[in-house]
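A.B. asks: Protein chains in written order, with this note's numbering: chain A, 2 to 112; chain B, 3 to 115.
Incorrect hints may appear among the rest.
[Claimed, not checked] BS3-like, lysine-lysine: derived pairs with alpha carbons at most 30 Å apart:
id, chain 1, residue 1, chain 2, residue 2
1, B, 59, A, 70
2, A, 53, A, 70
3, A, 4, A, 55
4, B, 15, B, 59
5, A, 4, B, 59
6, A, 4, A, 70
[Unchecked claim] If you want the footprint, here are the derived chain B segments under chain A, 3+ residues with CB under 8 Å:
id, segment
7, 41-55
8, 104-115
[What the hints assert, rightly or not] To give an idea of the chain B side of the interface with chain A (calculated C-beta under 8 Å), a few residues:
id, residue
9, 85
10, 90
11, 94
These aren't lab readings, by the way, just hints derived from the structure by calculation. The model shown is predicted, which means the values in this text are computed figures rather than measured ones. Backbone N, C-alpha and C define an ideal beta-carbon position, used for all residues, glycine too.
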Amino acid sequence: LAKTTQPISMDSYEGQEVNITCSHNNIATNDYITWYQQFPSQGPRFIIQGYKTKVTNEVASLFIPADRKSSTLSLPRVSLSDTAVYYCLVGAPEGANNLFFGTGTRLTVIP
Amino acid sequence: KAGVTQTPRYLIKTRGQQVTLSCSPISGHRSVSWYQQTPGQGLQFLFEYFSETQRNKGNFPGRFSGRQFSNSRSEMNVSTLELGDSALYLCASSRDRVAYEQYFGPGTRLTVT
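Please build the complete structure, drawing on both the sequences and the hints.
C.D. replies: Put into structure tokens, the structure is as follows:
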């Protein structure tokens with residue numbers, strides 16, 4: 002499992018775009034990058050997954066540079082309800098079903 | 003489609019007792035994983051079951067065990083409870099081998115006194 006490094010915490014004002022970067026220098030060729038969101042006392046929720054370039058869905062975008070040694074989760078126009086912990090995971094999409102969540106990034110959205 | 007359900011949602015037990023937690027995965031999902039979450043250790047993988055077989059196991063003592071039934075429902079058991087077992091226990095399900103897209107339940111909050 003590739004080791005990931007994320008900022009421990011971030012603050013943002015409502016309505017701003019938030020970018021959370023994750024470093025994964027030893028990512029393997031068949032590894033994907035996956036992001037989860039977790040609210041207090043709830044299970045994590047899958048947000049987005051990508052392999053390279055850019056992936057976008059209804060809630061977020063994921064930017065992955067050509068060397069794939071980092072990735073950036075972009076949340077457009079955050080609201081107070083986006084206050085949560087965001088986890089970056091790296092690994093093959095098929096395999097051990099053993100997810101390593103790390104410490105995540107605690108995002109606080111300020112009114 | 004109904005999500006992952008876990009019962010009970012809250013539980014208080016005494017040291018030395020045992021506890022059984024239940025998880026019903028999303029219909030059609032055959033893989034069920036269990037995680038323990040504490041403020042100090044974060045989210046840690048316990049074990050994963052697929053088609054009634056334990057496929058992977060995390061680094062937890064043998065007091066933690068589980069099983070999966072033919073309908074994919076899963077239970078985990080913790081025997082001889084210790085104070086340090088107080089945690090949020092989360093169950094996640096996924097289709098076949100799509101490991102990184104898992105769907106989590108709300109968790110069971112276990113308090114050991």
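A.B. asks: Taking 8 Å as the Cβ threshold, is the statement that the segment 104-115 of chain B is covered by chain A upheld or broken by the three-residue rule?
C.D. replies: holds (count 7)
A.B. asks: For the pair we were handed, residue 15 of chain B and residue 59 of chain B, check the Cα-Cα distance against 30 Å.
C.D. replies: holds, 25 Å
A.B. asks: Are the Cα atoms of residue 4 of chain A and residue 55 of chain A separated by 30 Å or less?
C.D. replies: Holds, at about 21 Å.
A.B. asks: Please work out if residue 53 of chain A and residue 70 of chain A have their alpha carbons no farther apart than 30 Å.
C.D. replies: Holds, because 10 Å separates the two Cα atoms, which is no more than 30 Å.
A.B. asks: Do the numbers back the hint for residue 85 of chain B, that is, is its least Cβ distance to chain A under 8 Å?
C.D. replies: violated, 20 Å
A.B. asks: Holds or violated: the hint that residue 94 of chain B contacts chain A, with Cβ atoms closer than 8 Å.
C.D. replies: With a minimum Cβ separation of about 7 Å from chain A (threshold 8 Å), the hint on residue 94 of chain B holds.
A.B. asks: Given the hinted pair residue 59 of chain B and residue 70 of chain A, is their Cα-Cα distance within 30 Å?
C.D. replies: Status holds; Cα separation ~28 Å.
A.B. asks: Are there three or more residues in the segment 41-55 of chain B whose C-beta lies closer than 8 Å to some C-beta of chain A?
C.D. replies: With 5 residues close enough to chain A, the hint holds.
A.B. asks: Just to be careful: measuring from the Cβ of residue 90 of chain B to every Cβ in chain A, is the smallest value less than 8 Å?
C.D. replies: Interface hint status for residue 90 of chain B: holds (7 Å vs cutoff 8 Å).
A.B. asks: Given the hint that residue 4 of chain A pairs with residue 70 of chain A, test it: the Cα-Cα distance must not exceed 30 Å.
C.D. replies: holds, 11 Å
A.B. asks: Taken at face value, is the distance from the CA of residue 59 of chain B to the CA of residue 4 of chain A at most 30 Å?
C.D. replies: holds, 19 Å
Of the numbered hints given earlier, the model fails hint 9 alone.
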